[in-house]
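K.L.:
Single-letter residue listing:
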Amino acid sequence: MRAQRKIEIYLLAVFLLAGIFHPGILCPEEVRLSFDHFYDHAELTQALRALATAYPKLATLQSIGKSYAGRDIWALCLNNPQTGPAERKPGYYVDGNIHGNEIQGAEVALYAAYYLLKNYGKTDFATRLLDERAFYIVPTMNPDSRDWYIHKASDPDSPRSGIVPYDDDRDGVADEDGPDDLDGDGSFTMMRKKDPHGMYKPHPDDPRIMVRVKPGEKGEYILLGEEGIDNDGDGLINEDGPGGYDMNRNYGFNWQPDYVQRGAGPYPFCWPETKAVRDFILAHPNIAGAQNFHNFGGMILRGPGAKNLGEYLPADRKVYDFVGKRGEKIIPRYRYVTIYKDMYTVYGGSIDFLYSTLGIFTFSNELDLDAVEQPRPERRGAQEEEDEEGQMMMFQSGRIEEMAYHDHVLMGEQWSDWKPYAHPLYGDIEIGGVKKFGQRVPPLFRLAETCHRNAAFCLYHADQLARLEIEKVDVAKLKDGLFQVDVVIANSRVTPSMSAVAVQKKLHRPDRLSLSGERVELVAAGQVVDRFRGLNRQLKVHENALWVEGGVPGFGRLELRLLIRGGGQAEIVYDSLKGGYKTKSIVLQ
Amino acid sequence: MKRRGQVPVGLMMLATFSVVTGAASFSGKYRSPDEVAAALRSLASAHPQIAKIVPIGKSYGGVEIVALRIAAQKKGGADPDLRTAAFIGANIEGLHLIGTEAALAISEKLVNSYGKDKDVTELLDTRTVYIAPLLNPDATRGYFSRPQQERRSNARPVDDDLDMRVDEDGPDDLNQDGMITQMRVKDPEGKWLPDPKEPRLMKIADPQKGEKGLYKIYTEGLDNDGDGEYNEDPEGGVELNRNFPHDYEYGLKAAGLYPVSEPEAIALVEFLDRHRNIALVLNFSTENTVLNLQQTGQAKAAADRAKVPRMMATFLGLEPDQEYTLKEIVDAANASGMGGGMEITEDMVAMFLGMGPAVQIDKQDMPVIEAVQKEYKDVLKEAKLGYPEKRAKGVGKGSFNAYCYFQYGVPVFSFDLWAVPEPAKEQAKDALTAEKLKTMSSEEFLALGEDKIAALLKEQGAPPNFNAEMLIKMVKSGQVDPQKMAEMMEKMPRPPAGDGEEHPDAYVLKWADVALPKKGFVNWTPFRHPTLGDVEIGGFAPYLRIIPPPDEAEKTIALHTDFVVSLLQKLPGLEIRKTEVRPLGSDVYQLTAYLTNPGWFPTSTAQGRRARTAWPITVRLKLGSEQTLFSGRPVESIPYLEGSGETKKVEWTVKGKKGTSVVIIAGTPRLGTTSATVVLE
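Residue numbers (the working numbering), protein chains in the order written: chain A, 1 to 589; chain B, 1 to 681.
Hints are computed from structural coordinates only; laboratory data are not their basis. Ideal Cβ positions, reconstructed from N, Cα and C, are used throughout, including at glycine. One or more of the hints may lead you astray.
To be verified - Below are the DSS-like pairs computed for lysine-lysine, each with C-alpha atoms no more than 30 Å apart in a straight line:
id: 1; chain 1: B; residue 1: K253; chain 2: A; residue 2: K505
id: 2; chain 1: B; residue 1: K570; chain 2: B; residue 2: K397
id: 3; chain 1: B; residue 1: K458; chain 2: B; residue 2: K476
id: 4; chain 1: A; residue 1: K318; chain 2: B; residue 2: K452
id: 5; chain 1: B; residue 1: K484; chain 2: B; residue 2: K519
id: 6; chain 1: A; residue 1: K307; chain 2: B; residue 2: K458
id: 7; chain 1: A; residue 1: K341; chain 2: A; residue 2: K152
id: 8; chain 1: B; residue 1: K327; chain 2: A; residue 2: K307
id: 9; chain 1: A; residue 1: K194; chain 2: A; residue 2: K66
id: 10; chain 1: B; residue 1: K393; chain 2: A; residue 2: K505
id: 11; chain 1: A; residue 1: K341; chain 2: B; residue 2: K390
id: 12; chain 1: B; residue 1: K390; chain 2: B; residue 2: K458
id: 13; chain 1: A; residue 1: K540; chain 2: B; residue 2: K253
id: 14; chain 1: A; residue 1: K194; chain 2: A; residue 2: K218
id: 15; chain 1: B; residue 1: K253; chain 2: A; residue 2: K275
id: 16; chain 1: A; residue 1: K505; chain 2: B; residue 2: K197
id: 17; chain 1: B; residue 1: K578; chain 2: A; residue 2: K307
id: 18; chain 1: B; residue 1: K555; chain 2: B; residue 2: K116
id: 19; chain 1: B; residue 1: K397; chain 2: A; residue 2: K506
id: 20; chain 1: B; residue 1: K186; chain 2: A; residue 2: K540
id: 21; chain 1: B; residue 1: K476; chain 2: B; residue 2: K578
id: 22; chain 1: A; residue 1: K307; chain 2: B; residue 2: K307
id: 23; chain 1: B; residue 1: K216; chain 2: A; residue 2: K540
Stated by the list, open to error - Here are some chain B residues the structure puts well away from chain A; computed CB gaps all over 10 Å:
id: 24; residue: I204
id: 25; residue: Q407
id: 26; residue: P634
Stated by the list, open to error - With the C-beta cut set under 10 Å, the calculated list includes, among others, these residues of chain A facing chain B:
id: 27; residue: Y120
id: 28; residue: D171
id: 29; residue: N231
id: 30; residue: D234
id: 31; residue: Y251
id: 32; residue: G252
id: 33; residue: F253
id: 34; residue: N254
id: 35; residue: Y267
id: 36; residue: W271
id: 37; residue: L282
id: 38; residue: T357
id: 39; residue: L507
id: 40; residue: G550
Construct all of the structure, not just a fragment, from the sequences and the given hints.
P.N.:
Structure, rendered in structure tokens:
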């Protein structure tokens with residue numbers, strides 16, 4: 001063979017071989033994402049771009065604004081345009097990571113998008129969802145604190161807020177004294193000091209655990225709080241760390257100022273991240289269902305966030321109960337709970353704004369449960385004094401189990417053993433404790449399950465948004481050029497086309513039925529209230545259209561009787577803001 | 001037709017003369033946003049040393065909203081934006097144009113009196129005043145456009161009727177009189193009928209009185225979008241004075257989609273936030289919060305009293321089942337030492353107890369507010385303006401004034417400047433009053449005659465079965481005498497008016513007929529309406545109740561200018577009144593600094609402290625390298641100082657070389673900083 005030919009064959013072989021091992025080279029649409037690690041903002045950006053590039057017809061990537069430090073807040077919009085524009089389909093919205101340390105929501109959101117795109121055309125469910133609904137997925141709405149938590153020293157609970165400087169201790173300076181990573185292990189753990197006047201002693205079975213002494217008992221240690229020094233010399237340690245507000249208290253429904261609701265900020269939507277999300281949601285009024293991811297505790301939350309709001313209307317509660325209870329089955333050990341009743345009061349939370357101002361059915365999942373496998377005793381609620389010791393014993397045994405988990409399951413990765421340190425103020429101390437990935441976020445071997453189950457819940461909720469069909473159109477010719485047209489619009493899902501709160505408080509425009517055609521005129525219309533007796537409630541007709549103020553109920557039907565003058569071809573359009581846009585052609589003859 | 005607002009030349013000249021001499025005066029006309037901006041610019045350019053325009057933001061419609069910062073800065077003196085300041089706002093409702101004029105008049109007075117008037121000069125040398133005369137420029141279109149119509153909303157397009165069209169059906173000037181009034185239409189479902197005593201006024205039929213309604217009432221206009229409703233989606237917008245977050249009314253489109261949704265409100269909140277030196281807000285709006293202290297929040301019985309959870313109660317030495325005021329709990333908490341050195345404040349306790357937002361004026365702040373109220377009432381009484389004090393309007397839900405007190409945490413006083421005066425109650429010359437009765441003898445009383453006695457009984461609201469005959473018998477028999485009757489009359493509350501009740505707007509009409517004949521009230525005139533058929537167009541002219549005729553504005557603006565200037569002089573301050581150094585031996589010295597508030601207002605309100613927007617006064621000790629602190633903290637703090645020279649001391653013990661000096665710096669955002677140097681000797 002000629003040398004050139006040999007080279008050509010050789011190169012071809014290389015390409016083919018490469019194709020076997022790296023499908024991406026031969027088939028550029030293929031995207032492989034793994035859910036065995038946490039994505040920082042850069043990697044998340046890359047993954048989202050890859051998805052949008054690989055599925056250009058189904059996915060659009062959009063930056064909805066910039067965080068305080070200038071990072072893009074990404075929204076991936078999913079829809080099959082061939083079955084209709086996104087804005088005319090019931091929309092489902094997801095955001096994660098509003099609290100900077102509650103990072104796994106981004107992975108769940110990314111997983112949900114990835115799942116839909118990968119399975120489009122392969123499974124009926126995924127195909128139907130992208131054909132019939134529009135998805136708006138914002139994996140992280142707090143990218144600054146996300147990256148801080150992942151890359152900088154932090155602890156499982158921080159940074160919760162964004163990183164706009166905030167004067168927590170009102171000394172005129174912002175963010176001047178946060179925790180310090182004195183031992184350089186990447187986490188803020190705890191400080192203790194041997195002291196005969198201390199109130200703590202080591203647990204008899206595991207000296208790493210600090211337990212409080214009984215009254216009169218001699219202690220051995222003082223607990224000095226979280227790792228840190230007095231950076232600003234004001235006599236306090238760690239009193240003003242980065243940020244310090246709470247973006248999930250910054251939404252504009254039932255908002256209360258800082259002295260009533262700590263962290264709420266000076267006024268609603270004052271931070272760039274909450275502004276961006278607000279603007280995006282307002283720009284997509286077809287959004288009918290939503291999810292805000294948090295951690296932790298294994299809960300599927302719904303509002304109201306505060307007692308003063310009173311309970312939701314019964315019709316809406318039924319929708320929440322239907323979806324929430326199913327969620328408990330999709331995600332075992334998660335509990336479906338109401339915020340103000342079962343948790344605590346939240347003023348100005350996203351859930352309340354989305355539901356009470358915009359009429360969107362919103363859940364908030366607190367992802368992941370305690371690391372310890374066995375069920376823990378209920379620690380909330382008043383306890384009688386006699387029970388206190390019993391409680392203490394159960395609590396302590398839970399902690400032993402927790403240490404066993406750290407030792408043998410996590411194999412020490414997230415536990416920093418007590419080590420000596422020379423503190424400038426306290427002298428000889430020891431630093432140790434649970435490291436930042438050891439609580440609240442799942443261990444990496446569990447992440448994929450958290451993602452799949454919670455994504456499945458979201459997709460279930462999305463599937464349960466209104467699904468309207470112009471089920472039946474019966475045309476009957478009357479005298480004098482009039483036609484009687486009976487229209488039935490059916491909803492085969494639990495979510496009504498208009499939430500009860502939207503109907504009651506006139507939160508958005510009602511559903512609209514309209515008629516178009518060259519020679520047709522809508523003369524009168526009525527909503528059928530008794531089809532056996534032919535009783536109708538008159539509806540006002542104006543310019544060949546009528547408003548359906550109550551929408552189509554969940555798992556229900558809307559029956560209308562129309563009186564039309566004229567003839568020939570006509571089209572009936574049922575246009576629901578959050579329930580979808582359906583049309584049907586008829587012939588009047 | 002002569003337009004309302006045209007002023008005789010003589011008055012104009014008088015106004016100009018007043019401006020030149022520095023007296024407060026009204027320009028004679030109500031100025032548009034452009035004219036207001038021009039007036040501010042001309043003040044700033046005429047007095048560049050003390051007047052500067054500072055931006056606040058832009059209205060939804062794109063109009064600049066600014067304040068005039070009036071402050072004299074001495075060379076090397078404190079930055080005016082860091083000195084104690086007052087904020088004077090006006091016309092956030094958009095229809096209170098007299099407020100805009102008052103704010104401009106005050107601006108003129110201050111800049112023109114600087115260097116001439118001792119008090120004003122001292123004020124502007126040590127304090128700063130921000131004056132923003134027009135906080136809702138968009139809504140003023142209602143006054144300056146034709147047709148004229150009362151408007152409070154900004155320029156945001158809002159689909160009020162949710163029909164997917166925006167601002168498609170507003171009022172129309174059908175009778176071309178340049179104003180939007182009302183239409184009344186005879187309608188079988190009508191609920192309205194003309195008031196029997198004053199048929200130009202409409203009242204709702206009272207079926208209990210056998211009345212049947214005749215008319216429906218609409219705003220003047222057509223059904224522009226043909227949907228059967230009239231003027232249901234006019235131009236604009238959100239009412240700015242409903243858009244603030246205290247007791248915000250959710251679900252009301254006029255209040256906005258959510259609190260502080262409007263650019264004007266955001267700009268104002270951010271301005272106040274950025275200028276933490278603002279210690280007092282004075283406002284001109286239709287709310288008169290000086291006279292009317294009523295609040296909108298639900299006055300929950302336990303709003304300021306609470307029970308303390310069991311465990312905490314025993315620790316504090318309080319009863320768990322008893323209710324305590326916030327102050328009592330705070331005092332107990334601090335006395336118990338549970339703060340561990342850190343002071344426990346009201347806001348901490350309130351938050352812990354889940355007490356929610358404050359809804360009543362804090363009891364501790366009431367004396368100051370009541371003192372201002374008393375002074376204001378005295379001023380009004382002397383001026384004899386005829387202002388109807390009983391009709392003063394209090395704050396509304398979501399009002400800017402409420403935000404300034406409850407969340408921004410400073411004293412706020414809002415003046416409405418003018419309202420339609422009540423006619424003086426005419427007493428018939430021979431009317432029987434309690435005074436007269438006291439001087440009468442029984443014989444004189446009986447001599448009045450049965451008719452007069454019956455009239456007296458009726459006026460006093462006596463029950464119908466107690467008639468004049470019975471009363472005469474009682475007097476004759478000695479059971480009752482005129483003195484006793486007088487006492488009873490004085491004790492009894494005035495009975496509510498019976499059938500002779502006046503329409504609530506009758507007094508407005510009476511006044512309009514005299515002050516603005518034919519222009520204050522448009523008489524009902526027939527009009528052929530394209531869809532409603534035969535209607536009559538009429539009603540009160542827009543702005544009648546809110547903006548006085550120019551000649552009435554002059555007097556009230558002058559009065560309020562003086563009152564405002566006197567309030568400005570009451571601003572709080574912070575001074576280190578005295579320092580003491582006492583040698584204790586061995587190079588150890590005791591230092592004492594006395595902090596005082598020379599102003600009249602306290603350095604913060606109790607509500608401000610509860611809302612955590614009132615900062616404590618920090619007192620820092622700056623030591624040199626050869627000194628060490630022996631006792632006391634490097635940064636001490638004083639929660640607040642009452643007014644009128646209240647003084648508190650801070651002490652340290654310092655070890656240092658004799659002859660060296662230490663610096664004491666006291667300050668807080670609302671009062672700026674002040675310092676003193678002491679020498680150890």
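K.L.:
Next, verify each hint and record whether it holds.
P.N.:
To see whether the hints hold, each was checked on the structure:
| no. | hint | verdict |
| --- | --- | --- |
| 1 | B/K253 - A/K505 | holds (10 Å) |
| 2 | B/K570 - B/K397 | holds (29 Å) |
| 3 | B/K458 - B/K476 | holds (20 Å) |
| 4 | A/K318 - B/K452 | violated (71 Å) |
| 5 | B/K484 - B/K519 | violated (50 Å) |
| 6 | A/K307 - B/K458 | violated (52 Å) |
| 7 | A/K341 - A/K152 | violated (36 Å) |
| 8 | B/K327 - A/K307 | holds (26 Å) |
| 9 | A/K194 - A/K66 | violated (48 Å) |
| 10 | B/K393 - A/K505 | holds (28 Å) |
| 11 | A/K341 - B/K390 | violated (45 Å) |
| 12 | B/K390 - B/K458 | holds (25 Å) |
| 13 | A/K540 - B/K253 | holds (24 Å) |
| 14 | A/K194 - A/K218 | holds (12 Å) |
| 15 | B/K253 - A/K275 | holds (20 Å) |
| 16 | A/K505 - B/K197 | violated (40 Å) |
| 17 | B/K578 - A/K307 | violated (52 Å) |
| 18 | B/K555 - B/K116 | holds (23 Å) |
| 19 | B/K397 - A/K506 | holds (20 Å) |
| 20 | B/K186 - A/K540 | holds (23 Å) |
| 21 | B/K476 - B/K578 | violated (77 Å) |
| 22 | A/K307 - B/K307 | holds (18 Å) |
| 23 | B/K216 - A/K540 | holds (21 Å) |
| 24 | I204 | holds (25 Å) |
| 25 | Q407 | violated (5 Å) |
| 26 | P634 | violated (7 Å) |
| 27 | Y120 | violated (32 Å) |
| 28 | D171 | holds (7 Å) |
| 29 | N231 | violated (15 Å) |
| 30 | D234 | holds (6 Å) |
| 31 | Y251 | holds (8 Å) |
| 32 | G252 | holds (3 Å) |
| 33 | F253 | holds (6 Å) |
| 34 | N254 | holds (7 Å) |
| 35 | Y267 | holds (4 Å) |
| 36 | W271 | violated (13 Å) |
| 37 | L282 | holds (8 Å) |
| 38 | T357 | holds (6 Å) |
| 39 | L507 | holds (8 Å) |
| 40 | G550 | violated (14 Å) |
The structure fails to meet hints 4, 5, 6, 7, 9, 11, 16, 17, 21, 25, 26, 27, 29, 36 and 40 from the earlier list, while all remaining hints are met.
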